[in-house]
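Peer 1: Full structure from sequences and hints, please.
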Amino acid sequence: MPAAASNASGVIRPRPVHAPALRLFLLHHAGGSHRIFRPWVPLFPADWEVCLVEAPGRGRMARLPPAERVEDLVEHLLTELDPWLDRPFAVFGHSMGALAGLALTAALCEQRRPPVWLGVSAHPGPRTPDGPPKPRLHRLSSVRLRAVLATLGGVPDRVLADDGMWSLVEPLLRADLVLAETWRPEPAPLVPVPMTAFCGLADVAVPPGAIAGWARYTERFLGVRAHPGGHFYFQDNHSEVVDQIVADVLSVLGEQTVRSARLNDGEPTGLPGNVRTGTPAVVRSE
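Going by UniProt numbering, the first residue of the sequence shown is number 1, and it counts up by one from there.
The set of hints was computed from the structure by calculation and includes no laboratory data. There's no promise every hint is true.
As the list claims (entries may be wrong) - Quick list of the computed label-pair ranges, beta carbon to beta carbon:
1) N237 - A19: 27 to 35 Å
2) D157 - P16: 43 to 51 Å
3) P45 - E170: 37 to 45 Å
Glycine is no exception: its CB is placed at the ideal position from the N, C-alpha and C atoms.
Peer 2: Listed below in structure tokens is the structure:
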């Protein structure tokens with residue numbers, strides 16, 4: 001364990017690995033917690049360390065107020081992840097976690113500590129100043145918000161149906177939604193990190209056609225991975241989604257190994273770090 005880490009960390013490691021080949025940081029959705037990703041842990045390669053990241057205001061981080069600005073969340077994440085960046089690492093974020101993943105990756109690139117890969121899921125990307133307006137769920141009435149969440153999934157029905165439980169969850173959820181719906185970066189981040197976007201084909205909140213817009217935030221877009229299901233499509237496709245993450249990360253790591261070997265031999269790599277692909281491929285899982 002790195003010296004700076006502790007049991008109070010917001011980085012949960014259900015399966016610690018000594019000297020892992022890769023650490024994968026998973027960032028959860030608005031109103032959620034690290035628990036959404038627990039079923040994934042045993043599905044990844046044995047030499048990968050899966051790190052479930054808890055945002056402020058819940059779980060181990062319940063002592064902290066929830067962040068209402070992406071900048072504040074990134075500052076928190078940089079502190080929490082710092083002890084674990086001594087190995088190659090990748091980042092995957094779902095919904096709000098996708099925004100956090102992009103902003104975190106941009107900050108790490110500025111520090112010259114980039115991840116090897118970024119996965120973004122079920123979000124159309126930042127709300128840029130010149131872009132079209134996006135839904136403002138955080139402004140909905142309590143009754144209307146509960147109705148919308150019932151169609152999206154991710155919040156247990158028992159919570160939505162029980163006034164007492166909802167009153168405990170609603171403030172945290174609204175804070176997360178403020179963060180996710182009001183971030184307007186100018187200029188928008190453009191990261192030199194390979195990126196894959198994931199979505200559910202039946203997602204009513206983020207139509208699959210909106211996902212390809214992530215290509216504008218990376219210098220190397222690997223394409224869209226579309227799956228049956230809605231906003232939380234992976235709850236019925238854990239293995240398929242994990243397999244795609246592993247395949248993309250291993251592909252990128254393989255290219256980096258070839259590039260490094262060729263550089264050491266003084267050969268041109270043919271794989272410039274800022275290469276931009278053409279029209280992104282859409283891969284559908286049947």
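Peer 1: Do P45 and E170 keep their Cβ atoms within the hinted range of 37 to 45 Å?
Peer 2: 39 Å Cβ-Cβ, so the 37 to 45 Å window holds.
Peer 1: Check the following: the C-beta atoms of D157 and P16 are separated by a distance inside 43 to 51 Å.
Peer 2: violated (34 Å)
Peer 1: I want to verify a distance hint. Is the separation of the beta carbons of N237 and A19 within 27 to 35 Å?
Peer 2: For N237 and A19 the Cβ distance comes to about 31 Å; the hint holds.
Hint compliance for this structure: hint 2 alone is broken.
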